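Engineer: For reference, the chains in residue letters:
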Amino acid sequence: MNVVALFKLVPDLVEELEIDQSGTALNTDFLRLIINELDDHAIEQAILLKERSGARMTVIGSDAEGADDVLYTAVAKGADQLIKLMGDPNAVINNHAMARATAIVLKELQPDLILTGVQAHNDLDGSIGPLVAEYLGMPYVGYVSGVNVQNGRIVVRKEYPGGLIAEMEVDLPAVVGIQSAEQPPRYVTVNKVRQAMKTAAIEERPLPALDVSGGAAIRRMFKPESATRAKMIEGSTEEVTARLLDIFKEIGAL
Amino acid sequence: MPFRETFWNIPHWAEIGQYILGLLTILVFAYGVFRRVKRWRMGQPEKRFDQIGKRLWSVLVDAFGQARTAQDAYAGIMHLTIFWGMVALFIGTALATVDWDVTHLFFGFQFLINGAYILYELILDIFGVLLLVGLGMAVYRRYFIRPPRLQPATAWQNALAQNVDRDDAYALVMLTLITLSGYFVEGLRIAVSKPEWSPWSPVGNALASWFIVTGDPTNRTLHLTLWTIHILVAFILIASIPFTKLFHILAAPLNIFFRSMQPAGTLIPARNDDQVGVKEWRDFTWKQLLDFEACVRCGRCQDACPAFASGASLSPRNFIISLKTHLWDTSSGHRLHGDVISSKELWACTSCRACVQVCPIFVDHLASIVDMRRYLVNEGEIDALLQKTLANLGRYGNSFGQSERLRVKWTQPIQAVIKDARKEAVEYLWFVGDYASYHVMFSDITRKTAQVFQKADLDFGILYDAERNTGNDVRRVGEEGLYESLVEKNAAVMSKCKYNTIVTTDPHTYNTLKNEYPANGNNHPVLHYTELLDQLIAAGKLQINKKLNYKVTYHDPCYLGRYNGIYDAPRRIIRALGCELTEMPRHGDRAFCCGAGGGKIWMEEQPEVKERPAESRVREAAGIPGVSTLVTTCPKDLVMFCDAVKTAGLEGKILVKDLIELVDEAM
Amino acid sequence: MMNQDIYVVIEHLRGKTADISYLMLAGARALAQATGGEVIAVLLGHNAQSLANNMAADKVLYVEHPALAEFTSDAYQRTLAGLIAGKEPRAVLFASSSIGTDAASVLSARLKLPLISSCQSFSADGRPICQICGGKIMAESDLPDTTTLLTMTPGGYKPEEGQSGKAPDVIKVEAPSLDNLRVTLKQYIEPEAGDVDISKEPIIVSVGRGIQNQDNIEIAEELARALGGVVAASRPVVDQGWMSTSRLVGKSGKKVKPKIYLALGISGAPEHVEGMGESEVIIAINTDTNAPIFNVAKYGTTVDLFDLVPALTEKLREVKKV
Ligand SMILES: Cc1cc2nc3c(=O)[nH]c(=O)nc-3n(C[C@H](O)[C@H](O)[C@H](O)COP(=O)(O)OP(=O)(O)OC[C@H]3O[C@@H](n4cnc5c(N)ncnc54)[C@H](O)[C@@H]3O)c2cc1C
Ligand code: SF4
Ligand code: SF4
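Protein chains in written order, with my numbering: chain A, 1 to 254; chain B, 1 to 667; chain C, 1 to 322.
Hints in this document: simulated from the structure, not taken from any laboratory. Since this is a predicted model, take the numbers as computed values, not measurements. It is possible that some hints are incorrect.
Stated by the list, open to error - With a Cα cut of at most 30 Å, we get these calculated DSSO-like pairs of lysine-lysine: (1) B:K344 with A:K198; (2) C:K259 with B:K388; (3) A:K231 with C:K16; (4) A:K50 with B:K489; (5) C:K259 with A:K231.
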C-alpha cells in the first residue's frame, strides 16, 4: 500500500505577527514557519500505518524555510520517500492552487491513501485535503483521529463535538483529514535527524503551474482589538451576570 | 619465656591438611575473582588509568581510611571496628603462621616471643573484642532497629535479588563464627597448657576458666574440634569472598581506585557507537559494571535521595542492586529496560547527586541513570511534556517555547541600556539563563541583578536574543544531540564576543559552562553571581548601606553546592548583608534537592509522589524557630519553593527570596 | 442565472440541530440584507423535516433520503452539488465543523466555485470577515461575483437570532441517486463513560485556590452543569485532593483548548496558563485586578466568585428552561 502524507508550513504563532504595507498580507520579514501541527499528526498516523501494515510511505511538502527539517525528521521517524515541490518562492499561492498542483504530482505516485491535517490556522479558502481529494476524484473524510486498513478499505474514526465518534468505512484510494493521530507525534532525537540528513535524499520536483482560482481576494487584514488584556466587565453582580450571559450566547455556548 | 607453639595440640596430618585446604581455597578464590573480572570486561571500554597517584591516595583515604563510611556515626563505628578487627586478626594469623612455619621451621628462630608475643596476644584479643562489638552493632541494627534503608525493596522484580538478604546474613554469621571459634580455641589452649602469661590474653583467659571443670583429655579433644571448625570456617569464608557480599573487600577499593577523576559537573559523554545509550547490560562500561558489583547495599544513597523520599519509585540503592542482580541473571530472560529497571525509576531522578556524594565506595548512580535515559530518549519513550520541552529547546533554544526576541523582555522597564556583548567588548559576559529570562516570576529579580551589577560599576553585557539554553539539563535528560547543538549555537556566538569572564544567574548554566563547555572551546573563567558578588564585597566595590537583620536560612542549590563546591560565597554575602543565618538540618553537601533538576521541571509529575521534594524542603526551613526567609541562589529553586510554600500551606510563615533581592535591598 | 439568496446548510446530528446552524442563519440574515436576497435553509435528512420548525429562515429546502439520515461526506456532497448548481444562490454557508468542512472544500473544487473559510461575520456591505492564525489576525475579503461557498465559525452572531417562533415554509427537493456511496457510516461510538477527558470538552469551568475549600467546589459543578460543561482545576485544588488528577489543567496536567474556559479564582501562573492559554475564549473571575490571568483572558471581572457564580448559575437555569 502506498501512503502519502502532505504537509504545509504555516506562520509560527510564537512570533508576533505583523501585517505588511499592502495591508492584505502578513509581513514575511519576521515570519517564521513551522509545520502545521495537524500535518505533523498526519505524518505520525502514516508512520503508524506503515508500522502496522507495512505500507510504503511518502512525505510531500513544498519548498520553504524549514521544509527540509520536516522531511528529514519524517525520515528519521520512518518515512521511505521525501518529495519537495520546488516553485517560485514569491508566487501568490492559496490552498486551491496548492491542491491543484499537488494533485498533479500525486497522480503519478498512485497513492492508495493520502493523509493530511484536517486544517491549518491560516486556511482562508478551505483546506488542502478535500480539495486534493476532489481534484483526484477520491472520497474524503475529515476530523479523523484514527485510521485502520481492513479488507482493501479503510475504517476511520471521525470526531464530533462532545467526544462522539463515527466509525466510517471509506473506499480506497481516499484522502483523510487528520485531527489527531492515534498517538501524539513521536520525538526523534537531534542525532537521528542529523543522521537522516546524511543518508536520506530529498527528491525535488517542480511545482506544476499555479492556478489560484477558487480562493478569496483579501481586501484588508487587521489585528483584532487588544488581545493582550482582558476586557473588564464592571458593575454589580447582576450586571456582570447579564453581560456574561450575553457573551455565552455570542460564543454559541447556549 | 612467653612464646606460642602455633600448632599446639594439632596432629601433623591436620597441619598438612590445613595447607592443602588453603591451596584449594586460593584456587576457588582465584576462580571467583576471575569470573567477576571476566564479566566486567564484557562491558564497554572506558579509560580509568590516568592520575595513578591521585587514585592511590583516594584508595588510602577512602578505602582504608573509610573517610565517607565514617561520616555516619553508628554505621561508621560499626564498620570500622569490623574492618579493623578483621584486618588485625588476619594479620595476626598470618604472623603466627610465618613465625611457626617459615622462620621457625626453616631458620630456627621465632619473633613472637617475650614482650612482642605478649603484646601480640593482647592486641589480638582487643581487636577480637572490637570485631565482636562491631558485629553486634551490625546485628542489632539490621535485625532490631531495622532502618528502612536496609530493608529489601518491596518490589524486587527478580527472584535472584531475594538472595540479597541471605547474603547479608551469611557475612555476619561467618564473621561471628570465626571470631568466637578463635576465642574458644585460645581459651582451651590456655586451660590445658596454663602458661603464666595467660592474663595478657584477657578474653582467652576468661574463657579458659570455664573449662577447668571439663579437664584435660576432654579439653584437648574439644580444642582440636574447635580448631578444625575455626580453620574450616576461615577457609570457607575466604573462598566465598568472590561469591558473596564479602567481595566488597576487593571491589570497593578497586571501585574507589577507578572512580571518575573528572569534576563532578562533567558528565561522561554519550558513547558514539551503533547503540545509543544503554539498552542491555553489556552497553554499560566495565566501570559501571564494577559500580554495581562493588555496592555494599548500605542504603546511604537511598536515604539521601529526594526522589525516594518523595515516594517516587526510584531508590538509587535498589537501582544498583537490581542491575547487579541482572548482570548474573542468565536464566530469567528479563530485559534490562522494563523488567529490571522501569522508565519511571529513570525519570524520577533529579540528578541532584546526593547519592553519589554519600556513597562510601563512590558508586556513580547518575552516570548509569543518564546512560539508560539516553536509550529511552532515542526510542522516543518520554512523556508528552518533556517531548514538548525538548522540541521547544530545539526550535527556540529555550524551554519555554517562546520567541528568542522575548528573551530580553525583562529589560524593557530598565532605563540604563545593557551592553550587547556581541557588539562591544565587555569584562563580564552575563549568561542570564532561561528561567531568569523568561519566567514572569523572575523577571523582576533579573532586573535587580542588572541593577546590582550596574551599581557596582561592573562592565558587563549579555547576548540578547542570541543566548540559548546552555543544555545542562538537556544533557542529563539524555538528549545528547540536542545538547551538542545548543552548545554549538552558544559557542558560535561566544566565539565572536570579547570578554574576560562569564558570570551566570543559574547554577545549572554555571555548571555546564564551567565543567563541560571547556571541551567545546570555552577557556574563560566562569563565575556564579554569588562568587562575583562575594569578590566585589571583599574588594570593597559593592557598597552595602543597610544592615538587613533578617533571620534567614540558606538552601544550597545542587549545581552550586554538591556539583561545584560553592558553599561559602553565598553564606559570606548573607552575613555581609547583616542577616543572621541559621542552617537547616540538611545543608552544605547534604542539602536536599528542590526537585527541579535533571529535566524534572520539564516532566509530568509521577502520581506516586506523596510529598514533593520542594515541599519537604520548605517545611524544613519553616521548621527553624525564628527564621523568616528561605534564601536561595537558583531561579528554578525560587519557582519550586514559591509554589511549595503555597501547596504546603506555609504562606505567611516563610518567604522565599533569591539572594540578589536581599543584596539589592541592602544597597 | 445567479440569484441573491443566501443558503445555509443545516447541521444536525442524531436528531438534534447543532447550535452553529442557528448562528449561521443569523449570519445569513446579515448577508442577505446586504445582497437583497432571502435566507434559505437547506436541510438534508431522513424523517427530519420537523427540525425546520424553529428556523429563522424565509424558506427551507428539505431533501429526504434514507442515506441522508446521518452525515456522510459522499452523500452530502452529491446532494448539495446538484442543488447548488441548479439554484445558483449568491452564497452558501457551511459550518466550520466536522460536517461543514467535509462538504465545503470538495464542493468548491467540484463546482469550481470560490470558497472562503473561517468566516466570523459580515461587514455591512456583505464582505466576509475571517478569523485566522489562532485568532491573531482578521482578514476581510471581497465577496466574489459568483456563487460563493463560505464556512462559518462562532463569534459573530448569537444562535437565538437564528431561531424563530414561526415555522418557515418547507419545500421538498428531490434527492439525487445515492447508490454506490464511497463513504458509509458503520456506527457511532459513544464517549467512554467514567471520568471525562477534559482535553476534549468544549466548555470548562476551572477552579483555583480562590474556591477556598472542597465544599465550595459544588457551586462550580452546578455552574458547569448549567452551562453544559465540566469542571477542572488548578494544581493547588488537585493537590488538596478536592478534585482528581485527571481534572488538572497545566504543565503537570492536561492541556485544554475548549471554546470557553471559565477561570474561577485562578491567578494565572505560567504553569497553569501553559495548559489553557490556547482556549478560544477565556473568562476570568478574580478579585485581584492585577492577577496575571487577565493577561490571557478575553473577558474578566473582579466580582467575588462566591457572589457571581451562584447568580450566574441561576440565570443560566432560567434561560435554559425557557
Ligand atoms: C514545576 C511546576 C509545575 C506546575 N504545574 C502546574 C499545573 O500543571 N497546573 C497548575 O494549575 N499549576 C501548576 N503549578 C503551580 C503554579 O505555579 C501555581 O502555583 C498554581 O497554578 C496556582 O494556583 P491558583 O491560581 O489556583 O492559586 P493562587 O495563585 O493562590 O491564586 C488564587 C487566586 O484566587 C483569587 N481569589 C481569591 N479569592 C477569590 C474570590 N473570592 N473570588 C475571586 N477570586 C478570588 C486570588 O486573587 C488569586 O489570584 C506548577 C508549578 C511548578 C513549579
Ligand atoms: S541523583 Fe539525586 S534523585 Fe537521582 S538517584 Fe541520586 S539522589 Fe536520587
Ligand atoms: S550504591 Fe553506594 S551508597 Fe548506595 S547502597 Fe550501594 S554502596 Fe551504599
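Engineer: If a hint holds in the structure, say so; if it doesn't, say that too.
Structural biologist: Do the hints match the structure? See the list:
no.	hint	in the structure
1	B:K344 with A:K198	violated, 34 Å
2	C:K259 with B:K388	holds, 23 Å
3	A:K231 with C:K16	violated, 34 Å
4	A:K50 with B:K489	violated, 35 Å
5	C:K259 with A:K231	holds, 17 Å
Checked against the numbered hints given earlier, this structure breaks hints 1, 3, 4; the rest are met.
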